[in-house]
Amino acid sequence: MATAIPPDVYQIEIQGHLDESWSDWFNGLTIGAGTTGTTTLTGPVADQAALQGILIRIWSLNLVLLSVNRVSLTRGTTSDR
Amino acid sequence: VTESVLRTKFQVPRQRPLLVARPDLVHKLSQGLTGRLTLVSAPAGYGKTTLVAHWVSTLVDQTDLPGWRLCWLSLDQEDDDPARFLLYLMTALQSAMPSVDDTDRHELRNLQAAGLTVGLAYLINLLDKMAGPTILVIDDFHLIAEPAIHRGVDFLVEHLPQAVHVVLISRADPPLALSRLRARGQLSEIRQSDLQFSNEEAAAFLTRSAGLSLAAEDASCLNERVEGWAAGLQLAALAIQAQSGARLEVGRTQFIRSFAASDRYIMDYLVEEVLQQQPDDIKHFLLHTAVLDRLTAPLCAALLADEGAAVDERQVQHILDRLEMANLFILPLDNERCWYRYHNLFADLLRKRLQQHRPELLPELHGRASHWFENHELPDLAVNHAIMAGDIERACHLVDLTAEGMMMQSQIVTLLRWLDNLPPAAIQQRPSLAATYAGALLLQGRPLAEVDRWLQQTVALAGHESRGEISIYQALLAVYRLDTVEAMRLAGEALRLLPEKSVFLRSLATEVKAFVYTIEGDLALAQQAFGEAVEIGRATGSLLIAVGSLCNQAGLLVFQGQLHRAQAIYEQALALSVTQSGIQLPIASKALIGLGEIYREWDELAEAERLTRQGLDLYLDYTEAAVVFGLLSLARVKQSRGEFDAAQQLVERARQSAVRFDVTELDDFLVDCFQAQLWLAQGHVAAAASWASGRSASRSSLPAPLCEMEDMVLIRLHLARGEPDKALALLRPLVTLEEQRAFNGRLIKLLVLQALAHWVSRAPEPALAALTRALALAAREGFKRVFLDEGQPMAEMLQLAIGQHVVPEFTAALLGSFARDRTPSSEAKPPVPAGSLIEPLSDREMEVLQLIADGLSNSQIADRLVISLSTVKGHASNVYRKLNVQNRTQAVARARALGMIVS
Chain A
478 MATAIPPDVY
488 QIEIQGHLDE
498 SWSDWFNGLT
508 IGAGTTGTTT
518 LTGPVADQAA
528 LQGILIRIWS
538 LNLVLLSVNR
548 VSLTRGTTSD
558 R
Chain B
132 VTESVLRTKF
142 QVPRQRPLLV
152 ARPDLVHKLS
162 QGLTGRLTLV
172 SAPAGYGKTT
182 LVAHWVSTLV
192 DQTDLPGWRL
202 CWLSLDQEDD
212 DPARFLLYLM
222 TALQSAMPSV
232 DDTDRHELRN
242 LQAAGLTVGL
252 AYLINLLDKM
262 AGPTILVIDD
272 FHLIAEPAIH
282 RGVDFLVEHL
292 PQAVHVVLIS
302 RADPPLALSR
312 LRARGQLSEI
322 RQSDLQFSNE
332 EAAAFLTRSA
342 GLSLAAEDAS
352 CLNERVEGWA
362 AGLQLAALAI
372 QAQSGARLEV
382 GRTQFIRSFA
392 ASDRYIMDYL
402 VEEVLQQQPD
412 DIKHFLLHTA
422 VLDRLTAPLC
432 AALLADEGAA
442 VDERQVQHIL
452 DRLEMANLFI
462 LPLDNERCWY
472 RYHNLFADLL
482 RKRLQQHRPE
492 LLPELHGRAS
502 HWFENHELPD
512 LAVNHAIMAG
522 DIERACHLVD
532 LTAEGMMMQS
542 QIVTLLRWLD
552 NLPPAAIQQR
562 PSLAATYAGA
572 LLLQGRPLAE
582 VDRWLQQTVA
592 LAGHESRGEI
602 SIYQALLAVY
612 RLDTVEAMRL
622 AGEALRLLPE
632 KSVFLRSLAT
642 EVKAFVYTIE
652 GDLALAQQAF
662 GEAVEIGRAT
672 GSLLIAVGSL
682 CNQAGLLVFQ
692 GQLHRAQAIY
702 EQALALSVTQ
712 SGIQLPIASK
722 ALIGLGEIYR
732 EWDELAEAER
742 LTRQGLDLYL
752 DYTEAAVVFG
762 LLSLARVKQS
772 RGEFDAAQQL
782 VERARQSAVR
792 FDVTELDDFL
802 VDCFQAQLWL
812 AQGHVAAAAS
822 WASGRSASRS
832 SLPAPLCEME
842 DMVLIRLHLA
852 RGEPDKALAL
862 LRPLVTLEEQ
872 RAFNGRLIKL
882 LVLQALAHWV
892 SRAPEPALAA
902 LTRALALAAR
912 EGFKRVFLDE
922 GQPMAEMLQL
932 AIGQHVVPEF
942 TAALLGSFAR
952 DRTPSSEAKP
962 PVPAGSLIEP
972 LSDREMEVLQ
982 LIADGLSNSQ
992 IADRLVISLS
1002 TVKGHASNVY
1012 RKLNVQNRTQ
1022 AVARARALGM
1032 IVS
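Top to bottom, those sequences are chains A and B. Residue numbers 478 to 558, in this note's numbering, belong to the letters of the first sequence in order. Residue numbers 132 to 1034, in this note's numbering, belong to the letters of the second sequence in order.
Heads up, some of the hints might be wrong.
[To be verified] Label-pair restraints from in silico Cβ distances: (1) A:S498 to B:E380: 26 to 34 angstroms; (2) B:K159 to A:S544: 28 to 36 angstroms; (3) B:Q780 to A:S544: 49 to 57 angstroms; (4) A:V486 to B:R489: 42 to 50 angstroms; (5) A:V548 to B:D452: 29 to 37 angstroms; (6) B:A699 to A:G530: 25 to 33 angstroms; (7) A:G530 to B:L137: 22 to 30 angstroms; (8) B:G198 to A:V486: 57 to 65 angstroms; (9) B:A373 to A:G530: 32 to 40 angstroms; (10) B:R489 to A:S544: 32 to 40 angstroms; (11) B:L274 to A:V486: 27 to 35 angstroms.
In short, the hints are calculated from the structure, not lab data. Backbone N, C-alpha and C fix where the C-beta goes; we use that ideal spot for every residue, glycine too.
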């Protein structure tokens, strides 16, 4: 049943500065400083439900979401939204 | 404990005095009362709940206004289940309806099983009758994700009585029909930009909440940094208070400046500042209790216990008091200071710290919480924490314990959510749990193949364990497939093996048995089994089961041709399905549609249509399958009235419903048969023939009862094509079968078809013989439409019959009806023949009639007979219907004319 396709990698950008200690809270995504006072969360996201879970956590902390991009194209479909 | 924690769901959260008066928002909320819905939608920490709680308290306090009643419901994560949501909504709304009696309360509980929309329809009905101006507030509505609940709330808002207004508090816009309400001006909204503090408000807030009198520019600076966010300001105030040092003013300003200059996440910045300043016992407390959604001293003590050393509850209560007083992270939920909860946002932050610093504590803490909740009869919270603790064994054990109760209350969604969170292998190790899973899948309407596969795996692994639980779901599956032999065997096995206390599962098994007996024609046993189900329903106080089984009994009598006895039982079911406050339960629709079919057969078509429509209205979207039956019943009435276009439209609607309802193909089959029959009645032979050729392929796999149904249509097709021999060949075994089963109702239909077949083949003698038998069987119970629907050939045969004095009075009456059918102006109801009533009055109805004639009012009659007013009204309306009149004056006149009362 298991497939060899690796999960998609997503990069999520939020406003403000979040430190590395939040990584576990966001499913182990790598936390990095973005341009001009923003933070990026980058890493593999298992599926759309997992992505939704991360977005909900961002929202429930009252963080401002700036963008969500799929940066890997393993599935060969069209890119980001 | 269970009660005290539940009670907090229905209480307005306790108020601190409002820190910042917000007259504009309060005014906007009050203005919104002219519409149906107010939506307060903004992220966490904007003071949504505080604002609404303050607003409603001002409304309720205003003694000069007509008293608003207030119903409050705070949702939790576990409430994302249609059955549970309905239960809590009902509980919340009861305070708006002080005159609701025990019957209603009882029925509201029963209705949980019938589904959200049915329950809501009942609730709306009750509100309409009883509620004065009422505000229903539902807090934390974003916790709802179930589409069924969103549909239910849409339905509720759409059908809300004028006097009731709903306020939804949510962190995000819910997927409701908001734009429609907006367009109609019925939606009022409070959003993030409304809730953001202005700089002046922020200054006032800081002064009032923390006694901080900051310079105006410092306050503005803070407010701009947090963008008017109340939670951010509150935490900033705490952090500033924590700044110690001799030169206070300078320290504050410095703190504010560096905070404003930082772009770090506000909460990170401030929480650290605040936590650092707390004494160790508080830090310890916060870290260890962060896993809880709700806190109470004994529960916290259980989590804080160190190496088995108990912690003093009074000390814990003291900490809770200190936290509350310092406005640190927790909110009290009741006035007794028993239950608290963390502010959601802070709970997230504390949990993140716990995960980061002491991850090894997490399973231990969740495990302790799970045990505490289990010991305090809150099994669902115990399950949730066991799952969070990763203790699969314990989670399985707990789910297993509560499963039948959850099934009985229709909390299928919750049950499935738990089970979906457990590894399949762990479920399979417990056969009764595996059986529950199959049952939940079945009741949730998942594809039968999936259920079947799961059950087979379970049987293979289970051996002899939990056979009873497994058998009952296998029996249900067999019923869906109409495999009667297997269903019977399994239901019998289940009843043998299940303990007496498994009331719910045993009632399922009893219904399966009754259903099978019916199909197999074992009527005495079927009646007995339905009787048992009625008893179970009465004993457990479930009107759904009792009324449903009575209707099944009546349906059996119709098969047997005993229309009057069937009618009496349907009336009994109808009476049972009206609560003392006079509201009809949705399950009454089954009785109404059944009665409609009897009246149709009696050729009282207007009454038949009225009853069937009333039944359909009650169904709403009870279940798609049930709607199909109701629509086809109405189509049959329309067909009898000669309104073929209307009948065709109803068949189309029935087909749409049947396609949507996916659990069984039975409904699709019924629609197809009805459609073919309707085509034939209009002479569309080719269309019916193409249906027949499509059917023959799948015929071998068709269960016997459906074969018989299909044969009835095929017989008509043969007749229409001028192939009477083929029709007769099909008829012969069917006639023999119904003779054996003594299903006289069906036998009459078959004999009518036999007579027609002989008539078509120009054999009047055998035709007349068959018709004579049919007439003899039909006369006593007044079967009419079965003859009248056959049109011209039947009229000719009846003329022949009357010439030979066959059942002369009944035959003459039928011929009279034929004549009326042909007269287009026959729409007006034929008067009831003097001297007789088709449907006799019951003793009680006679009594009520006599008192009406004596000039007593309904309430005087109620006093005299010591029954409730609504019961009197029920009797009176039965009297009117049976006498075919509209009001009491006409009733008295008609009764006198018939010599039924003494004047």
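These are the hints, each one checked on the structure:
1. A:S498 to B:E380: 26 to 34 angstroms: holds (33 angstroms)
2. B:K159 to A:S544: 28 to 36 angstroms: holds (33 angstroms)
3. B:Q780 to A:S544: 49 to 57 angstroms: holds (51 angstroms)
4. A:V486 to B:R489: 42 to 50 angstroms: violated (30 angstroms)
5. A:V548 to B:D452: 29 to 37 angstroms: Hint violated: Cβ distance 50 angstroms, outside 29 to 37 angstroms.
6. B:A699 to A:G530: 25 to 33 angstroms: Given about 59 angstroms between the Cβ atoms, the range is violated.
7. A:G530 to B:L137: 22 to 30 angstroms: Given about 29 angstroms between the Cβ atoms, the range holds.
8. B:G198 to A:V486: 57 to 65 angstroms: holds (59 angstroms)
9. B:A373 to A:G530: 32 to 40 angstroms: Holds - the Cβ-Cβ distance for A373 (chain B) and G530 (chain A), about 34 angstroms, lies within 32 to 40 angstroms.
10. B:R489 to A:S544: 32 to 40 angstroms: holds (34 angstroms)
11. B:L274 to A:V486: 27 to 35 angstroms: holds (30 angstroms)
Violation of the numbered hints given earlier is confined to hints 4, 5, 6; the remaining hints are satisfied by the structure.
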